[in-house]
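Visitor: If you're matching positions, the sequence shown starts at 1051 in this note's numbering and goes up one per residue.
Quick caveat, the hints were computed from the structure, so don't treat them as lab data. Yeah, the Cβ is synthetic: ideal placement off N, Cα and C, and Gly gets one too. Please note that the accuracy of each hint is not assured.
[Said to hold, decoys possible] Pair by pair, the computed Cβ-Cβ distance ranges are:
id, residue 1, residue 2, range
1, Asp1134, Asn1104, 52 to 58 Å
2, Gly1140, Glu1085, 28 to 34 Å
3, Ile1133, Gln1093, 15 to 21 Å
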Amino acid sequence: MVSVTVAEHVAPLQNELVEMKNTIAKLNSKLADLETEVDNNNQYSRRHCVLISNIDEKQDESTDEIILNIAKDSGCSININDIDRSHRNGPKNSATGILET
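Using the sequences provided together with the hints, build the complete structure.
Guide: Following this line, the structure appears as structure tokens:
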């Protein structure tokens, strides 16, 4: 009698456990797909990156304008709309100690 009552309570819990395991497996699969998609998107965005070095920093400079001037001096025809974003990496002028990212 007790074993029948316990079995009646355990059976639904076992079914719920199976459903939860299936849900977790689906979520893990979806997570792996999303991580792959993020990696692909990050790699795609990096393919447009250009690193320019040894350009002196100036007060109130526009990194977009610096890029446009370098392109012009190099004979490349680009406009401001071709630049997604630009910024300096690393430490700013050592007198300020400010980092810009």
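Visitor: Run every hint past the structure and note whether it holds.
Guide: We went through each hint and held it up to the structure:
1. Checking the proposed 52 to 58 Å range against Asp1134 and Asn1104 shows it is violated: the Cβ atoms sit about 23 Å from each other.
2. Distance hint for Gly1140 and Glu1085: a CB-CB separation of about 29 Å, consistent with the stated range 28 to 34 Å.
3. The hinted range of 15 to 21 Å is satisfied by Ile1133 and Gln1093, whose Cβ atoms lie roughly 20 Å apart.
Against the hints set out earlier in the document, a violation occurs for number 1 only.
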